[in-house]
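The hints should help you fit chain D onto chain Y, whose structure is shown.
Just so you know, the sequences run in chain order Y and D. Taken in order, the first sequence gives residues 1 to 436; the numbers are from the numbering used here. Taken in order, the second sequence gives residues 437 to 781; the numbers are from the numbering used here.
Don't read these hints as lab results, they were simulated from the structure. Bear in mind that the values here come from a model prediction, so they are computed numbers and not experimental data. Hints should not be assumed to be uniformly reliable.
[Said to hold, decoys possible] Just a sample of chain Y residues kept apart from chain D, beta carbon distances all over 12 Å, derived:
1. G57
2. P100
3. I107
4. E163
5. E176
6. S225
7. W239
8. P274
9. V290
10. A303
[Claimed, not checked] Some chain Y residues close to chain D (C-beta under 10 Å, calculated; not the full set):
11. R237
12. T240
13. Q242
14. H243
15. P268
16. L323
17. R325
18. T329
Positions of the beta carbon are idealized from the N, C-alpha and C atoms, including for glycine.
Next come the chains, spelled out residue by residue.
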Amino acid sequence: MTQSGFTVDVDQNQYLPEGGRDVSAIVTVTSSADAGVPAAAAGTPASAEIIIIDCSGSMEYPHTKIAEARAATAAAIDVVRDGVWFSVIAGTNTAWPVFPPDGSMAIADASSRTAARQAVTGLRASGGTAIGQWLSLARRILGAYPAQLRHAILLTDGKNQHETPDQLQAALRECEGVFSCDCRGVGTDWEVGELRTISTALLGTVDIVPDPSGLAADFAAMMRSAMGKQVADVALRVWTPQHATLRFVKQVAPTVDDLTVRRTPSGPQAGDYPTGAWGPGESRDYHVGVEVNPAGVGQEMLAARISLVAGPPSAAEVLGQGLVRAIWTDDEALSTKINPLVAHYTGQAELADAIQEGLEARKQGNEEVATAKLGRAVALAHQSGNEDTAKLLAKVVDVVDVETGTVRLKKKVEDVDEMALDTRSTKTVRVKKAQS
Amino acid sequence: MTAEGTVTGGTCPACGEPVDAGDGFCESCGTELSPPVVSTGMPGYVLECPVCSVDPSTPPGGITADGYCESCGRKVPTGRDHAELDLGPLAGVTDRGLRHQRNEDAMALASAQTPFGPVAITVVCDGVSSSPRPDDASLAGARVAVQVLLAAARRDEDPAEASLAALHEAHEALRRLGTPSQAPSATYVSAVIDAAAVTLCWVGDSRAYWLAESGAIRLTTDDSVAEELVAQGSLTEAAALASPQAHVITGWLGADLAKPQPHLRRFEPPGPGVVLVCSDGLWNYRPEAADLAELALPAALTDPLGAAGTLLKFALDAGGMDNITVVLAPFPLARPQTLPRRTAQ
Numbered sequence: 001m002t003q004s005g006f007t008v009d010v011d012q013n014q015y016l017p018e019g020g021r022d023v024s025a026i027v028t029v030t031s032s033a034d035a036g037v038p039a040a041a042a043g044t045p046a047s048a049e050i051i052i053i054d055c056s057g058s059m060e061y062p063h064t065k066i067a068e069a070r071a072a073t074a075a076a077i078d079v080v081r082d083g084v085w086f087s088v089i090a091g092t093n094t095a096w097p098v099f100p101p102d103g104s105m106a107i108a109d110a111s112s113r114t115a116a117r118q119a120v121t122g123l124r125a126s127g128g129t130a131i132g133q134w135l136s137l138a139r140r141i142l143g144a145y146p147a148q149l150r151h152a153i154l155l156t157d158g159k160n161q162h163e164t165p166d167q168l169q170a171a172l173r174e175c176e177g178v179f180s181c182d183c184r185g186v187g188t189d190w191e192v193g194e195l196r197t198i199s200t201a202l203l204g205t206v207d208i209v210p211d212p213s214g215l216a217a218d219f220a221a222m223m224r225s226a227m228g229k230q231v232a233d234v235a236l237r238v239w240t241p242q243h244a245t246l247r248f249v250k251q252v253a254p255t256v257d258d259l260t261v262r263r264t265p266s267g268p269q270a271g272d273y274p275t276g277a278w279g280p281g282e283s284r285d286y287h288v289g290v291e292v293n294p295a296g297v298g299q300e301m302l303a304a305r306i307s308l309v310a311g312p313p314s315a316a317e318v319l320g321q322g323l324v325r326a327i328w329t330d331d332e333a334l335s336t337k338i339n340p341l342v343a344h345y346t347g348q349a350e351l352a353d354a355i356q357e358g359l360e361a362r363k364q365g366n367e368e369v370a371t372a373k374l375g376r377a378v379a380l381a382h383q384s385g386n387e388d389t390a391k392l393l394a395k396v397v398d399v400v401d402v403e404t405g406t407v408r409l410k411k412k413v414e415d416v417d418e419m420a421l422d423t424r425s426t427k428t429v430r431v432k433k434a435q436s
Numbered sequence: 437m438t439a440e441g442t443v444t445g446g447t448c449p450a451c452g453e454p455v456d457a458g459d460g461f462c463e464s465c466g467t468e469l470s471p472p473v474v475s476t477g478m479p480g481y482v483l484e485c486p487v488c489s490v491d492p493s494t495p496p497g498g499i500t501a502d503g504y505c506e507s508c509g510r511k512v513p514t515g516r517d518h519a520e521l522d523l524g525p526l527a528g529v530t531d532r533g534l535r536h537q538r539n540e541d542a543m544a545l546a547s548a549q550t551p552f553g554p555v556a557i558t559v560v561c562d563g564v565s566s567s568p569r570p571d572d573a574s575l576a577g578a579r580v581a582v583q584v585l586l587a588a589a590r591r592d593e594d595p596a597e598a599s600l601a602a603l604h605e606a607h608e609a610l611r612r613l614g615t616p617s618q619a620p621s622a623t624y625v626s627a628v629i630d631a632a633a634v635t636l637c638w639v640g641d642s643r644a645y646w647l648a649e650s651g652a653i654r655l656t657t658d659d660s661v662a663e664e665l666v667a668q669g670s671l672t673e674a675a676a677l678a679s680p681q682a683h684v685i686t687g688w689l690g691a692d693l694a695k696p697q698p699h700l701r702r703f704e705p706p707g708p709g710v711v712l713v714c715s716d717g718l719w720n721y722r723p724e725a726a727d728l729a730e731l732a733l734p735a736a737l738t739d740p741l742g743a744a745g746t747l748l749k750f751a752l753d754a755g756g757m758d759n760i761t762v763v764l765a766p767f768p769l770a771r772p773q774t775l776p777r778r779t780a781q
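Next up, chain Y with everything else stripped away, as it sits in the complex (with noise of 0.2 Å):
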């Protein structure tokens, strides 16, 4: 970890009317590509991995779903890095170690990941799906090493249905901080808003795989970005000033992400927001939203300080930082000016947003909530140039007209292709930046 591994642009129209208030800027937070190696004591390993696997007895049908699972877990172990902690834990209404069976965590070397694949053959599905108990093993095992960077793999089949929504949020609590997750679900008969609060809570993604067969290249891409992960726990720092108010705080790329409520104070007027772990060359945006006591035309105020802090909160190093800034004009050409960042990932969240609450609203029977939230999906996802998530939505509605976003629900849409398009309704696109 280098003090200087880290960049941080803020991209914004700092001019205010009289008066105004409202100051939103796009921190973009890019790592260098050549950061170093998390600094760790001599001979212990910095990462610690852990893959959980679902044993419930629905991924017995078909047959195919454990079989594949157990061939994904063995092409994840395959790219875990030698010198890496690691182990397997298997899932149902309980969970308990498969790879080390004591429960305590191996070292990576090829003899180690030999009997890690073979442990994994020996899975069988029946049972059913605890999920909370699945990560309260998990941070007891991740827990006891003193890895810099803890990470899990969670693959589920099924709805969270053998312990109450309480008691996952209570097994989450404890896991925040302590590790970070990625989350799979195979098949469509798992619920999308449940796995995307397990990820958001633990940092990580969250996708589908609908078929079994794609199971082993996503682990093992999985593993790998986790491999490249090199700077643990960093968390955005943000200072505002006296009889301000911070009104949100989002990553907003690569994916949508609110992370207003996660605000851990870190001093005075400041508090820090977790952005979890980052790998060499990684570049994420994120939007900040501050409401100011407005000062005089031609003065200047300092609305947002964003430093890019790693460590714990009382000796924190600043990796990077930024100035988001507000100056009163009464320029109206100045002051009206639109930041074409933040009107690009104003757009995107509100995407997000879209779908979210027009398949909810297609769910619940509300034919014209759902049409009129689409079509407005539809029309954003063309003016921003988001053709993946178009792509998606043409899955679920006819197209009448894509600008104004004139849309049709479809009779019949298949399950894998609602939840392919609620599952990666955040992920955004980037814009190319304007010549500031």
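For chain D alone, coordinates are given in the frame of chain Y:
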């Protein structure tokens, strides 16, 4: 602002040897005794937030290295936002005003004692807001020009030739700051006041006036669209100033001009009065010489710094739409001070 090397009590501040009131340099060690002063501002920012320090609802915070109040977030002023310079024979004040984010005006003052009597020198530059780094442009121009003018005065050179040379050097300094497509630019006006006359040299629309009980006149003409329209007889001055083109200037210093076309004027005061050199932040509100004389006199005859402050307050009260710079030099000149010079933030 800089006032280093100021002579105190008739001894050289560097070596302690006795020096003559009029000496430009110490005869013993060569230290410059009455160097020019320039409105560069103190490096860094003020130490407390001018808003939070008087607002009971906000706890006062420190000032960050990049110049923001840690409590309310406001950008705090730099020394250059407001500077006052007083050399005795002449004094000036420059201010950000109320509507601009920074002070893009600059002023430089100098005085010298020659065998023919005292000489007072001032240069005022107003950075062109539509050019890049106008604040750097104005400061570079004023700083270079005053040195040329002071050196010439100490050598008793012709003030008219010196004035053209100083403007030329200022232009070269601005050319070094930029390129023809990216040219930091500024207006320029210099005044060299000696026992007999006032020598003025300028481009752009910063002005000089003669203010006296016996009659006040404007000494410079503007390089501006408004002035050209008035000169052609197509508009009255009031109508021209009210037009949106009024402040479009037709002359300036900067890398986008191969050769500036300066104006030169020698004016012999008919009696006692005051030379006023100012940027348009002042004269916009009172373009007529008689009106400015009414505001400045009689205080300016004896207290140029106080009167400059009065004119600044007038411009701020009138709206402070632009940066404001006011330099006043009572005529005939007082002997240059060799006692401590008054400088204030």
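Hint check:
{"no.": "1", "hint": "G57", "in the structure": "holds (59 Å)"}
{"no.": "2", "hint": "P100", "in the structure": "holds (52 Å)"}
{"no.": "3", "hint": "I107", "in the structure": "holds (45 Å)"}
{"no.": "4", "hint": "E163", "in the structure": "holds (47 Å)"}
{"no.": "5", "hint": "E176", "in the structure": "holds (30 Å)"}
{"no.": "6", "hint": "S225", "in the structure": "holds (36 Å)"}
{"no.": "7", "hint": "W239", "in the structure": "violated (8 Å)"}
{"no.": "8", "hint": "P274", "in the structure": "holds (24 Å)"}
{"no.": "9", "hint": "V290", "in the structure": "violated (10 Å)"}
{"no.": "10", "hint": "A303", "in the structure": "violated (7 Å)"}
{"no.": "11", "hint": "R237", "in the structure": "violated (14 Å)"}
{"no.": "12", "hint": "T240", "in the structure": "holds (7 Å)"}
{"no.": "13", "hint": "Q242", "in the structure": "holds (5 Å)"}
{"no.": "14", "hint": "H243", "in the structure": "holds (7 Å)"}
{"no.": "15", "hint": "P268", "in the structure": "holds (8 Å)"}
{"no.": "16", "hint": "L323", "in the structure": "holds (7 Å)"}
{"no.": "17", "hint": "R325", "in the structure": "holds (8 Å)"}
{"no.": "18", "hint": "T329", "in the structure": "holds (8 Å)"}
In this structure, the hints that do not hold are numbers 7, 9, 10 and 11, in rising order.
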